[in-house]
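Chain residues, written in single-letter form:
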Amino acid sequence: MNNELPIGGIDQAPCVMNAIEINNLSKRYGKVQALDGISFAVGQGELFGLIGPDGAGKTTLFRLLTTLIHPDSGSAKVDGYDTVNEYRIIRSRVGYMPGRFSLYPDLTVEENLQFFAATFGVTIEESYDLIAPIYKQIEPFKKRPAGKLSGGMKQKLALSCALIHRPSVLFLDEPTTGVDAVSRSEFWDMLAGLKKLGITILVSTPYMDEASRCDRIALCNEGKILGIDTPKGIVRGFDRRLYGIRAKNMFTLLERSRRVAGVEDCYPCGEQHHLVAADNFDVAMFKAQLSDMEDVNIVIKEPTIEDMFIKLMKR
Amino acid sequence: MKHNFGSFVKKETLHILRDKRTMLVVMLIPIVLMVLFGFAISTEVNNINVAVVAPHRTDGVHDAVKRLDANEYFTFKGYITPNEIDSHLRTGNVGAVIVFASDYERGTAQATAGIPTRPIIQLIVDASNVNTASSATAYLQSILLGSASQQTMFETRMLFNPQMKSAYNFVPGIMGLIFILVCAMMTSVSIVREKEMGTMEVLLVSPVRPVKIIFAKMVPYFAISCIVLITILLLARYLLGVPMSGGVGGIFALSLLYLILSLSLGLFVSTISKTQVVALLVSAMVMMMPIMMLSGMLFPIENLPRFFQIVSTIVPARWYIDAIRKMMIQGVPLMAVWENGIILLGMTIVLLSISLRKFNDKLE
Chain A
0 MNNELPIGGI DQAPCVMNAI EINNLSKRYG KVQALDGISF AVGQGELFGL IGPDGAGKTT
60 LFRLLTTLIH PDSGSAKVDG YDTVNEYRII RSRVGYMPGR FSLYPDLTVE ENLQFFAATF
120 GVTIEESYDL IAPIYKQIEP FKKRPAGKLS GGMKQKLALS CALIHRPSVL FLDEPTTGVD
180 AVSRSEFWDM LAGLKKLGIT ILVSTPYMDE ASRCDRIALC NEGKILGIDT PKGIVRGFDR
240 RLYGIRAKNM FTLLERSRRV AGVEDCYPCG EQHHLVAADN FDVAMFKAQL SDMEDVNIVI
300 KEPTIEDMFI KLMKR
Chain B
0 MKHNFGSFVK KETLHILRDK RTMLVVMLIP IVLMVLFGFA ISTEVNNINV AVVAPHRTDG
60 VHDAVKRLDA NEYFTFKGYI TPNEIDSHLR TGNVGAVIVF ASDYERGTAQ ATAGIPTRPI
120 IQLIVDASNV NTASSATAYL QSILLGSASQ QTMFETRMLF NPQMKSAYNF VPGIMGLIFI
180 LVCAMMTSVS IVREKEMGTM EVLLVSPVRP VKIIFAKMVP YFAISCIVLI TILLLARYLL
240 GVPMSGGVGG IFALSLLYLI LSLSLGLFVS TISKTQVVAL LVSAMVMMMP IMMLSGMLFP
300 IENLPRFFQI VSTIVPARWY IDAIRKMMIQ GVPLMAVWEN GIILLGMTIV LLSISLRKFN
360 DKLE
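As given, the protein sequences belong to chains A and B, one line each in that order. All the letters of the first sequence, read from the start, carry residue numbers 0 to 314 under numbering that gives the first Met the number 0. All the letters of the second sequence, read from the start, carry residue numbers 0 to 363 under numbering that gives the first Met the number 0.
Think of the hints as simulated: they come from the structure by calculation, not from any bench. We put the beta carbon where it would ideally sit given N, CA and C, even for glycine. Worth double-checking, as some hints may not be accurate.
Keeping only pairs whose Cα atoms sit at most 27 Å apart, straight-line, the calculated BS3-like set for lysine-lysine is [as the list claims (entries may be wrong)]:
#  : chain 1 : residue 1 : chain 2 : residue 2
1  : B       : 361       : A       : 141
2  : B       : 325       : B       : 211
3  : A       : 76        : A       : 141
4  : A       : 223       : B       : 211
5  : B       : 361       : A       : 147
6  : B       : 273       : A       : 30
7  : A       : 30        : B       : 9
8  : B       : 9         : A       : 141
9  : A       : 247       : B       : 19
10 : A       : 30        : B       : 211
11 : B       : 357       : A       : 147
12 : B       : 361       : A       : 142
13 : A       : 147       : B       : 19
14 : B       : 361       : B       : 9
15 : A       : 142       : B       : 9
16 : B       : 194       : B       : 76
17 : B       : 273       : A       : 142
Simulated DEER-style distance windows between Cβ atoms [claimed, not checked]:
#  : chain 1 : residue 1 : chain 2 : residue 2 : range
18 : B       : 210       : A       : 236       : 23 to 31 Å
19 : B       : 298       : A       : 85        : 33 to 41 Å
20 : A       : 283       : B       : 197       : 20 to 28 Å
21 : A       : 43        : B       : 197       : 51 to 59 Å
22 : A       : 253       : B       : 18        : 36 to 44 Å
23 : A       : 260       : B       : 276       : 54 to 62 Å
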């Protein structure tokens with residue numbers, strides 16, 4: 000065990016401000032514009048979240064940054080190295096966890112870890128201090144085939160494997176998809192721990208509620224970035240009043256609310272509908288208009304990232 | 000960078016060992032094929048029942064029947080009348096009927112004296128199995144003519160495989176097939192599996208050159224193929240009694256070259272297929288079929304239509320099977336089949352360089 004090994008291997012990265020720099024990056028698959036000229040930067044040691052639905056282009060961006068595919072236009076730098084010309088250097092410096100479970104199901108937990116350690120030319124012992132907080136949780140099952148682990152344990156093993164060579168930048172593509180709520184929360188705790196060690200983390204998720212665990216987030220949809228800010232900043236950008244409405248017949252409520260004057264938008268959100276109010280919206284008038292409906296209930300809501308996402312998407 | 004080739008080989012070996020069913024199939028297929036082709040499926044003439052129609056049972060006829068009965072491949076079932084011929088053949092009681100002419104004695108005498116004569120023996124053979132029928136006919140002819148007129152008839156001698164044992168012919172064919180199966184098919188499926196499972200994505204985002212991973216993948220399959228090769232050679236020698244008079248060393252050397260060729264073929268298939276199913280189909284349709292049909296394994300190449308004869312020249316198994324056949328049965332040394340060796344070597348180099356060029360370290 001050696002605690003003095005620097006993150007990112009023996010040789011230090013050139014002095015750069017940003018761990019990831021993306022300039023006007025575009026990628027097209029046939030007729031689908033997967034990425035449409037996006038630009039942003041991720042600072043060193045930042046926990047940066049890509050939030051967006053399926054098909055937003057998150058995986059494409061990950062593959063571009065991990066040098067697995069060529070961009071059509073634009074450029075990107077990871078750790079100061081160009082993803083096209085210096086891709087070999089990048090490949091030895093970053094850790095990557097693809098969206099689907101990508102370990103060997105027939106190999107045991109320990110064999111998987113050993114294999115990926117060998118791939119990067121390190122041993123488990125050398126990096127044990129780094130992976131220990133995560134790996135210790137699955138170590139009791141180290142003789143078990145990886146395919147027989149639960150979803151949460153699989154993610155922990157995959158993360159351990161991605162960390163085995165002390166990467167300076169960690170790319171996690173939807174790491175919590177298909178994992179139970181408790182494991183998801185645990186997983187984000189682990190990411191917070193890694194961030195403290197100075198590792199830059201780019202993580203994507205379709206779950207809006209996870210966005211608040213990031214330093215900054217980028218909301219993306221259909222290959223474009225809708226907005227980049229801290230989670231709080233994103234929410235602050237929501238400059239309308241928001242109400243939560245309920246009634247006995249939720250569907251009719253949605254239909255009719257949309258026709259009420261001063262209602263900018265109304266959409267289902269969990270057990271209630273969210274109503275975005277324009278300046279001329281009046282609660283009393285709204286209630287009066289829907290007086291023939293049973294159990295109509297309207298309360299003021301705090302906007303969430305999801306509300307902001309819907310607002311940006313419809314603009 | 001620590002040496003990691005060994006751990007790749009180890010990982011690949013673990014994959015194979017964990018998949019016990021596939022492992023068992025790979026080890027058993029050669030044995031099953033050898034036994035099947037060696038004993039059950041044969042085009043040899045064996046135990047053919049023969050009936051005889053003879054208007055006059057003269058000494059000459061008795062003589063011929065005695066010779067026939069003494070032969071281990073034919074069983075004399077008795078004399079019948081001309082009317083019974085059809086029903087006996089139809090029921091399958093007998094496989095062939097020999098009809099002696101009423102003037103058989105005179106005809107033989109004339110033939111012996113060198114005077115041209117009309118046919119004195121008629122062979123009626125059940126040709127529902129063409130192969131058996133034609134071999135039986137040829138064999139019966141030689142037995143009967145042996146008595147009729149030694150002087151005027153050709154004397155045919157079967158060299159190298161005097162008993163015409165079909166197993167001899169099949170062993171090289173089986174070898175040509177099995178190694179493609181083990182090396183090409185299994186390697187391609189195993190490489191494509193990594194693409195399909197997404198592990199290739201993780202492996203590519205690492206300092207390891209993919210070529211290294213690929214070669215590590217080939218090592219265990221090469222080892223398995225060597226075991227299979229030894230098994231086949233042992234079975235061929237001691238179970239089927241194939242002579243291998245050309246020396247086992249040459250057979251082994253050429254087989255190793257063929258193994259490498261098969262591995263390159265597997266690598267090539269893996270570069271053009273995206274899923275395991277595609278890899279399997281390509282292996283089965285593009286490799287197995289030509290090997291069965293165009294390599295001389297089942298049908299002699301000379302009998303193929305001209306077009307297929309030309310196509311067969313790009314089937315590696317054709318050259319391999321041909322060479323192995325010569326070495327195993329004809330007993331020629333490796334040097335005598337150097338042309339085949341050069342062709343196989345050339346194919347290996349071409350395939351390997353194409354697939355290494357095609358195999359890129361990107362996902363696209």
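Hints, verified against the model:
1. For the suggested pair residue 361/B and residue 141/A, the alpha carbons sit about 32 Å apart, so the restraint of at most 27 Å is broken.
2. Of the supplied pair hints, the one linking residue 325/B and residue 211/B is violated, its CA atoms being roughly 37 Å apart against a limit of 27 Å.
3. This hinted pair does not check out: residue 76/A and residue 141/A have alpha carbons roughly 37 Å apart, beyond 27 Å.
4. Under the criterion of a C-alpha separation no larger than 27 Å, the hint pairing residue 223/A with residue 211/B is inconsistent with the structure, at around 38 Å.
5. Between residue 361/B and residue 147/A, the direct Cα distance comes to roughly 30 Å. Violation of the 27 Å bound is thereby established for this hinted pair.
6. Between residue 273/B and residue 30/A the CA atoms are separated by roughly 21 Å; this keeps the pair inside 27 Å, and the hint holds.
7. For the given pair, residue 30/A sits about 43 Å from residue 9/B by alpha-carbon distance, which is inconsistent with the 27 Å threshold.
8. This hinted pair checks out: residue 9/B and residue 141/A have alpha carbons roughly 18 Å apart, not beyond 27 Å.
9. Among the hinted pairs, residue 247/A with residue 19/B is inconsistent with the structure: their alpha-carbon atoms are about 59 Å apart, more than 27 Å.
10. Taking the CA atoms of residue 30/A and residue 211/B, the gap is near 35 Å; set against the 27 Å cutoff, the hint is violated.
11. For the given pair, residue 357/B sits about 35 Å from residue 147/A by alpha-carbon distance, which is inconsistent with the 27 Å threshold.
12. Using a Cα cut-off of 27 Å, the hinted pair residue 361/B and residue 142/A is violated, with the two alpha carbons roughly 33 Å apart.
13. Restraint check for residue 147/A and residue 19/B: the C-alpha separation of about 18 Å stays at or below 27 Å, so the hint holds.
14. The straight-line distance between the Cα atoms of residue 361/B and residue 9/B is roughly 25 Å, inside the 27 Å bound, and the hint therefore holds.
15. About 16 Å separates the Cα atoms of residue 142/A and residue 9/B, which keeps this hinted pair within 27 Å; it holds.
16. Annotation: proposed proximity of residue 194/B to residue 76/B is violated, straight-line Cα distance about 65 Å (limit 27 Å).
17. The suggested pairing of residue 273/B with residue 142/A is violated, with an alpha-carbon distance near 32 Å, which exceeds 27 Å.
18. At about 50 Å, the beta-carbon gap between residue 210/B and residue 236/A misses the expected band of 23 to 31 Å.
19. Take residue 298/B and residue 85/A: their Cβ atoms lie about 57 Å apart, and the range 33 to 41 Å is violated.
20. A beta carbon spacing of about 56 Å between residue 283/A and residue 197/B contradicts the range 20 to 28 Å that was offered as a hint.
21. Between residue 43/A and residue 197/B the beta carbon distance is about 28 Å. The supplied range of 51 to 59 Å is therefore violated.
22. Taken as a hint, the range 36 to 44 Å is violated for the pair residue 253/A and residue 18/B, whose Cβ atoms sit roughly 53 Å apart.
23. Take residue 260/A and residue 276/B: their Cβ atoms lie about 58 Å apart, and the range 54 to 62 Å holds.
Comparing the model with each numbered hint stated earlier shows that hints 1, 2, 3, 4, 5, 7, 9, 10, 11, 12, 16, 17, 18, 19, 20, 21, 22 do not hold.
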